[in-house]
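Given chain A, put chain B in place with the hints provided.
Line order of the protein sequences matches chains A and B. Take the first sequence: its letter number 15 is residue 15 in my numbering, and every next letter is one higher. Take the second sequence: its letter number 343 is residue 343 in my numbering, and every next letter is one higher.
Some hints here could point you the wrong way.
[Claimed, not checked] Label-pair distances were calculated between CB atoms; the ranges are:
id	chain 1	residue 1	chain 2	residue 2	range
1	A	Pro116	B	Asp356	24 to 32 Å
2	B	Gly134	A	Ser254	49 to 57 Å
3	A	Ala74	B	Ala362	46 to 54 Å
4	B	Ala362	A	Ala49	57 to 65 Å
5	A	Gln229	B	Ala23	54 to 62 Å
6	A	Ala156	B	Ser131	32 to 40 Å
7	A	Arg210	B	Gly75	34 to 42 Å
8	B	Ser290	A	Gly75	54 to 62 Å
9	A	Pro160	B	Arg51	43 to 51 Å
10	A	Gln229	B	Gly269	17 to 25 Å
11	A	Asp162	B	Ala23	36 to 44 Å
These are calculated hints, taken from the structure and not from any lab test. Where a beta carbon is used, it is the ideal one built from N, C-alpha and C, also for glycine.
2 protein chains.
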Amino acid sequence: MTILSARSLGLLLDAWRDDSARAAYLALADRIRLLVLDGRIPLDTRLPAERELANQLAVSRTTVTAAYSELRDAGYLNSLRGSGSVARLPHATSRNLQDGAPGMLDLTKATLPAIPAVAEAAVHAAQELPSYLGLSGFDPVGLSVLREAIADRYTARGLPTDADEIMVTVGAQHAIALVSRVLLSRGDRALVESPSYPHAMEALRDAGARLVGVNVSSDHGWDENGLEQVMQRTSPTLAYLMPDHHNPTGLAMSEELREKTVALAATAGTTLVIDETMAELTIDPGTPHSPFAVHGVDGSRPILIGSLGKSVWGGLRIGWIRAERPLLQRLVRGRNSGDLGTPILEQLIAADLFSDFDAILAVRRRQLRIGRDHLLAVLGERMPEWRIPSPPGGLTAWVNLGSPVSSQLTLAARNEGVLLAAGPRFGIDGAFERFLRIPFAYPLEDLDRAADALARAWASVGRYTVPEQTYLAAVV
Amino acid sequence: MTILSARSLGLLLDAWRDDSARAAYLALADRIRLLVLDGRIPLDTRLPAERELANQLAVSRTTVTAAYSELRDAGYLNSLRGSGSVARLPHATSRNLQDGAPGMLDLTKATLPAIPAVAEAAVHAAQELPSYLGLSGFDPVGLSVLREAIADRYTARGLPTDADEIMVTVGAQHAIALVSRVLLSRGDRALVESPSYPHAMEALRDAGARLVGVNVSSDHGWDENGLEQVMQRTSPTLAYLMPDHHNPTGLAMSEELREKTVALAATAGTTLVIDETMAELTIDPGTPHSPFAVHGVDGSRPILIGSLGKSVWGGLRIGWIRAERPLLQRLVRGRNSGDLGTPILEQLIAADLFSDFDAILAVRRRQLRIGRDHLLAVLGERMPEWRIPSPPGGLTAWVNLGSPVSSQLTLAARNEGVLLAAGPRFGIDGAFERFLRIPFAYPLEDLDRAADALARAWASVGRYTVPEQTYLAAVV
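Here chain A stands alone, though its shape is the one from the complex (with noise of 0.2 Å):
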């Protein structure tokens, strides 16, 4: 069982007060459940003491009784003999656990709906199945009619790549945890941005990591000089970096920076881990960067992660690494304690898809140039007040709030219908509540429904009343 300290559960609650007229305990109450519903608090968590939570936000106990009291009632609390209290969600059905809560527009993922060519490419596939049936099917690495396309297109790319040097995953995320898992050891130092990807933070701390940050903002980019000084002074195992349009704010890194980067994790012995399932999402015209590890030198080239998640479709479960021989073969070695190998069926679709890769692509970068265009619009019109930097690529936007209400701004809009990862959900230790993530990848009506949605919660933060939704969601 885990337990929250109130010095950390008081970090999490950072500005929770709001400025209702209502009683101090529903806030706090409120804000604790926003926190069990989007799982910055895990489920099964042990909440600090009353009295201890008490002294840390300067409240009184009676306060802090009360608003557990709220939180037991309503479900998201258990007091277990001896245990305390511990974080619960109100009665778990299918529903709740089920993609697309009905009536809600979720916008906690940032995906497109499928590209149409993987019916036609499923069907190919299912038509070749029947030559593979003779394997065992139980296959770690990867096709080789897969891995090849998968080299070649990174040999296209700019960073020459043999068959021999990839592996085949179930999507990125399972690449990011079979990384962590076979390169960390319980305490290590892990680099990543803040903000970055929850679930790849999750992942690093599963492992056993202690993260470390490093500031990436639409103002300045990334913080070179935090980048320097936090891989001089910590000297981290791995380093999980997303150069090329960074979830969430879009961003691509120079390659001045990318040059930097290497020199630096070479000197401080740090292995790179860079994750480009979004490198191909560009949405401005420019020069594309190449795959980052056409940086650096034999022997030490840092891992790419892929994946065609975003690019093609989330219901295609198709990732996978790029590493240096022995290196691979250390990560295939250490799949088996994970699981026993990528669907076959899916790779044959993957492999299908690539041979007619870039019109895939041109389809994206239409779909989201015309979202993201059309996002920034109906925010701008609504919420002048917010920053709303215009990515260059990806899926999101990251829209500064102008003061610290990110978790208020989330739990409104759930009233109002919209499901959003609140700013928090992308730091390391509760910050960036003055922030939000907006994915534009959506259909444009969708959008306008969010848009709306968002005026209304906007307008009504510090009115809002208690969700009884408890949808569990995964980020993407």
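Structure of chain B alone, referenced to chain A:
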């Protein structure tokens, strides 16, 4: 980096001296090479210093020095500045990583080729796919249509089950790893059968567990007193058991012992995790057992794991977990850090196959009965000194060789073109050197070839030469 103590390596090297006239250093090098090849010494493990190993084995330091030097020359050890001697594999190539090393008969996998119905189901599923393309595709729980089919099958087998109690996973190993990760904390005890399934033990260890074993033997079945004592003495956090066609012995647990196991677990506060991957692969006629969770009381029923990997095909990566709702919700939440869901198309194929699952099982059981009876006949004829109990179900025979030579025999069989997993891979700490798992779920001509190769290998034990094959086998 993992560090292997001289004592631990000594245990792994149990009975490493063979009867040949070869120098001791060659025998030692061969045995260490096998341990690296079959994964008992993971890659990147640091081996003990020469002096320590020499003391442990009671040989001269020169012998160890010569053995290490031999291994270095062959590419199995790397001597790194300040890091001692580290296990590696020579010349990692694509071929080594691939399914089916050319020319070799791979009996490390207890699998059947796909049932032909998979091809047809894939075509159907591809036709259904378009109506799912509007979903995000990130599906950590599973499609309703499949969860209902799985629930219905449990209900039909005597365990009333609702789709809400099912989550779909990427095969059984993925389910085992997920349950381990969510339920275990560092240092917790996990009970396993001895012998047990190697990758399950790896998953439990990855999650921080210390393993405790309960003996299972073809002569005496499950060690009931041992189970009682270990449960009472160690109060394990979870117990991972395969009561129906235990891998590798093929045994089934009695109804009485199931009841007792549930009672013991309730007293010890142990969560039972029951792997029923092989539960429906019964060969000998008789009353089939109901799913294990018919035992116990609501609120603490055993977790069940199932899979189509053995009954249908390993290349169809569909497994599942049946658990009571609160626990299932924890597992779904915990999944995001490892992967973001099961492929949609695979799920549609699986749902299609469940519509006529009894027919599939009838085919499988017949194949298994024919394979088992054939293997027992040919091995009995060629190696009358082996003890080969007839397993009532499952895919493997657990052969008692009569002397502790399983690793030697496995090495020799490699030279004869047959890959097998040596007995100690199924033990917690290198036990079972007298045993060999031989799968019979192969075409009869392959079983004949295996018997020929094993007969030659058996005759040559002690006279084998060093294999250069660096095949990376997952044991399934």
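Evaluation of the provided hints:
no. : hint                            : verdict
1   : A/Pro116 / B/Asp356: 24 to 32 Å : 31 Å, holds
2   : B/Gly134 / A/Ser254: 49 to 57 Å : 38 Å, violated
3   : A/Ala74 / B/Ala362: 46 to 54 Å  : 51 Å, holds
4   : B/Ala362 / A/Ala49: 57 to 65 Å  : 60 Å, holds
5   : A/Gln229 / B/Ala23: 54 to 62 Å  : 56 Å, holds
6   : A/Ala156 / B/Ser131: 32 to 40 Å : 34 Å, holds
7   : A/Arg210 / B/Gly75: 34 to 42 Å  : 35 Å, holds
8   : B/Ser290 / A/Gly75: 54 to 62 Å  : 33 Å, violated
9   : A/Pro160 / B/Arg51: 43 to 51 Å  : 45 Å, holds
10  : A/Gln229 / B/Gly269: 17 to 25 Å : 47 Å, violated
11  : A/Asp162 / B/Ala23: 36 to 44 Å  : 40 Å, holds
Going through the hint list in order, the structure does not satisfy hints 2, 8 and 10.
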